[in-house]
Amino acid sequence: MISTPLPLSIAPVEQSPGYWSGVLRRFAKDRVAMFAGAVVLILVILALFGPWLTPADPYQSSMLKRLRPIGTDGFPLGTDELGRDMLSRLMVGARLSLFMGITPVICAFAIGATLGILAGFVGGWVNSIIMRTIDVFYAFPSVLLAIALSGALGAGIGNALLSLTLVFVPPICRVAESVTSQIRSRDFVEAARASGANAFAIIRVHVLGNVLGPIFVYSTSLIAVSMILASGLSFLGLGVKPPEPEWGLMLNTLRTAIYTQPWVAALPGLMIFITSMSFNMLSDGLRSAMDVKQ
Amino acid sequence: MSTPILQVRNLTKHFPLKNALGAKTGQVRALDDLSFTVHKGETLGIVGESGCGKSTTARLLMQLIAPTSGEVMFEGKAVGSRDLPLKEFHRQVQMVFQDSYSSLNPRLTVETSIAFGPQMHGVSEREATARARDLLSRVGLEPARFAGRYPHELSGGQRQRVNIARALALQPRVVILDEAVSALDKSVEAQVLNLLLDLKEAFDLTYLFISHDLNVVRYISDRVMVMYLGQTVELGQTEAIFANPLHPYSQALLASMPSMDPDHRTEAPPIAGDPPNPINPPSGCRFHTRCKFVQAACSANAQQLFASKGFEHHVACEFFELNANKNKVFKEKANQPLAETAL
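Just so you know, the protein sequences line up as chains A and B, in that order.
Numbered according to our numbering, the first sequence spans residues 1 to 294.
Numbered according to our numbering, the second sequence spans residues 295 to 637.
Treat the hints as calculated values from the structure; they're not laboratory data.
Some clues are possibly wrong.
[Unchecked claim] Some but not every residue of chain B turned toward chain A, in silico, with C-beta under 7 angstroms:
| id | residue |
| --- | --- |
| 1 | Met356 |
| 2 | Lys381 |
| 3 | Phe391 |
| 4 | Ser396 |
| 5 | Gly411 |
| 6 | Tyr444 |
| 7 | Glu447 |
[As the list claims (entries may be wrong)] Computed footprint of chain B on chain A, listed as stretches where at least three residues anywhere in the stretch have a Cβ under 8 angstroms from a Cβ of chain B:
| id | region |
| --- | --- |
| 8 | 16 to 26 |
| 9 | 116 to 122 |
| 10 | 179 to 189 |
| 11 | 192 to 203 |
As the structure is a prediction and not an experimental result, all values here were calculated from the model.
Even for Gly, the Cβ is constructed at its ideal location relative to N, Cα and C.
Full structure from sequences and hints, please.
Dropping the structure here:
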């Protein structure tokens, strides 16, 4: 019996629900994660459409209406030290703050994951060169590194983003390297090599699908850190410049009013807290939804 | 005789041992000067205890690791040379791994896994998928039910069937089975073994069957190679080896098989101790530290393969004729002066 001619028509088959639909199902059952997801969604909507939703002009200052308390008629969350509407400024501030939190992580994800997967897959001296270079960055505390880089490059949004990206490349790269070298030692990668596939095809088909998930989850947990660091840079005058509304910068300028209007002065900090908590819970939920013994 | 389909010449693999600073401190001699041939259409069984170099042999043959020295020839052409590029060799020779779970990508459906190999060799996705479906039915998994499943939804036996289908997807001529049925339970193991025999018939395959299970090897193999500490100690027709093992190690190995007859159960272990460390193997014959027929010459002379009873049966022991008569002759000879015995 020699092999029969192959049937060229491909009949439909019973398709099992894939891994990601299982992740989605488990995530939907996780109430904390769903709540955090809803908060993040609201923040994203604010960031995208904030300028069109505000009740007042966030840049309109008034020397007469400075530092009004929360609940003042016309200013539900009070006014800042220049008499600008806090609610409007917080809503518009979501845009810059989220941008400063997410962009460096996305850039660092692209660079760190590429380097880490390369190091983990190729191994040997390539691994040594990449990982030892990464270790050099690890020697500095991340806050110090971000401040030092921003300070050296000069104030401004672009430089703050650049320095934050450089801060997040090493941890992402390290995670990428460790999950990749784990996957590389599995027999299905050996089997793919034994089938004559080149390294590029093996990475594309067999490695990426197994490593991008964990690296992505780890990266989402860095968004919170990035937001706090970005706010910190703005607070120190190294990030966003006034009068742009950004939560870290607002916290800085309202610091002088902490004794006269402590609740108003604390509002930007509260927003930073809520946002970073939400991102943290979201990434925790994602991690447990994806972490399943198969 | 026609050219053997697979020829292994003086294959050697030493894994270097390094200290924390990267300086070489020694080497694990996993495989030393291994030579054998595989003929077209046969099943060559390789047996030996853990750590004797069986799996290293498989990985070297598949070119997954580079040998320290020696070469592999496929149909008379050196693998990796201009005559036979690695990619073409991999189309002809495939491997099934022991761990059925680890050898399938958990994120890919069964048919995608099987279709991956052919696509790497220029087969269109459509045709590769059709081939995968066809092979699934050949290995006893109904394509309509199993093609779209993920590995974690299958049992161990089903996964190993998928692995076999994956190996066959490139339409190879030689399949290396590295402990392919060892992790399965006995009834499933028997089914998969019979499947392997059917497939061999259907696709005109040559098998290299690596196992530590002597019963399985006896059932499936035409010839058997017994390995000890990275070297061949005996090579011959399956029945010749099982009926009349010539090397003391093969004798001990076969004596360790549990007997089905309660009256013939052996209580005494046929061999004592653990295999010596391959970092520092014994001099001369590597088995002499555990051999019950050991003589003075054994620690001095490295043993090559001797032919016995014609061409087909080889044994790496210069005293095999003495040992064949076992204890009786051995005792008589042992009383004679050493010099005479060594001759």
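Which numbered hints turn out to be false for this structure?
Violated: hint 9 alone.
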